[in-house]
Amino acid sequence: MNSSATYIRRAATSGLRPSCNVCPPPTFSVTLVRHNQTDAASKKVKEISSADKRYQLIRDILYSKDVPSTSAKPLRPLTAKSVSCPVSTKNADEAKVDAIERAWALEKQKEAAAKVAELRGMYESMRAAMEELEKTDPRLFEAAKVGADKDEVVVFPRRLRVPTETPPIDGWDYEMKAGNK
Amino acid sequence: MNVLRTASRAIPRRCLATAAGASQKPHVGILLKRDPVILRQLTEFEHAYYAYRDSIEQGESRPFNPEFYFKKGSTAEQRWLAAQESATEKTPSGKMRIVQPRDEEVGSLNAANRATEADAKKDMKSLDRALDRTLYLVVKRAAGPVKGTWQLPSGALEADEVLHDGATRHLHEEVGSALETWVVGKTPVGHLVSGNDKIFYMKAHILSGKIQPNGKLASDYAWATKQELKEYLKPEQYATVSKMMAEL
Chain V
1 MNSSATYIRR AATSGLRPSC NVCPPPTFSV TLVRHNQTDA ASKKVKEISS ADKRYQLIRD
61 ILYSKDVPST SAKPLRPLTA KSVSCPVSTK NADEAKVDAI ERAWALEKQK EAAAKVAELR
121 GMYESMRAAM EELEKTDPRL FEAAKVGADK DEVVVFPRRL RVPTETPPID GWDYEMKAGN
181 K
Chain P
1 MNVLRTASRA IPRRCLATAA GASQKPHVGI LLKRDPVILR QLTEFEHAYY AYRDSIEQGE
61 SRPFNPEFYF KKGSTAEQRW LAAQESATEK TPSGKMRIVQ PRDEEVGSLN AANRATEADA
121 KKDMKSLDRA LDRTLYLVVK RAAGPVKGTW QLPSGALEAD EVLHDGATRH LHEEVGSALE
181 TWVVGKTPVG HLVSGNDKIF YMKAHILSGK IQPNGKLASD YAWATKQELK EYLKPEQYAT
241 VSKMMAEL
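Those sequence lines, one after another, are chains V and P. Going by full-length UniProt numbering, the residue at position 13 of the first sequence is 13; the numbering climbs one at a time, nothing skipped. Going by full-length UniProt numbering, the residue at position 244 of the second sequence is 244; the numbering climbs one at a time, nothing skipped.
No lab work stands behind these hints, which were simulated from the structure alone. In this text the structure is predicted, and so the values were computed from the model without any measurement. Backbone N, C-alpha and C define an ideal beta-carbon position, used for all residues, glycine too. Among the hints, a few may not be true.
[Unchecked claim] Listed next, the in silico SDA-like pairs over lysine to any residue satisfying Cα-Cα at most 20 Å (straight line): (1) P:147 with P:217; (2) V:145 with P:164; (3) P:243 with V:114.
[Said to hold, decoys possible] Take a look, some chain P residues computed to stay more than 10 Å from chain V by CB distance: (4) 76; (5) 102; (6) 143; (7) 144; (8) 147; (9) 155; (10) 227; (11) 243.
With the hints as constraints, model all of the structure from the sequences given.
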């Protein structure tokens, strides 16, 4: 009789099919499932109450009122005006954010273009040198070629340093201390 | 011309030099660079933008819940609470500023200055100058028709030598052996045709050590950035050489 009563209540509160008796389902209510107060049962009550507290804590963190809702904002209706003017100029905040992001994107574009131009210059310089070398000295040209048919692998030296926020305290290693260790 | 070149494979190089092929003598040059030691300074805009994005993240972040991360009564929790008591200021969004317990330890670490003495003195021979830029070695010629001019180190190849081996050998001849260098691969990064000589440049990094110029080849030396090299090299040389260099 008792067991049937608890079974019905659990089903009502969770709305799911009944799970095992050991671990309680994650309910959104604070009510405890009550059992007869035997020794084994009282242990169960303690376990359930501490578990409930953890769920409560997680729920409070996830759905805290301090955090603004991150649900998707509805899209603006697609009209000719919204397409030609994607950011509303009347809303000052929105316009400000848009201006900042555009300026940043522009800076990044310029940086990328400059980098590509630099690399192109280096490549053209290398190519011109190799073409000149081919005309000048075939032996040197063959030795300078790097190809898939060659067995050697170019490796970077271990002491090639990565730039850091601040320099080493001892400054430049003029006495080659690291090399002579 | 072709006939002469095919014949040169049988004839030793010395003969080729005395013949009309004197203009074909290849030289090897070395673009010795010291990489940037420190990261570049952020521009004002970059700084402002990152601060702006940080403030947005702060405003939208979930509040830190110590109950979840620290077990009640543990030493970690006590250490954290003690650190929070010292921090009383609030962030602009009104949330409590989180203080990590080990923050003062990190703050008390010694760090060298980004601008060194060499920067202040404008010591062109120092490798501690312009730490956020790449420095390139230029030497002042001590002999020959170009005596007194500043150039990138270069010299003739010896018999049967290859470019990258010749680069290492000549570099040590010109600036001494008290330095650790690494020549990048076997392919030249650029070339310069000056009069009778064709110089093929190999890129090399200096990893440690110092320059000790050989008096017979180089009377003086300097470590210059890409922009400063303009003052040292001739305009036509600079135009060729600058293409081999990176902006930073």
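Violations among the numbered hints, reported as their numbers in ascending order: 11
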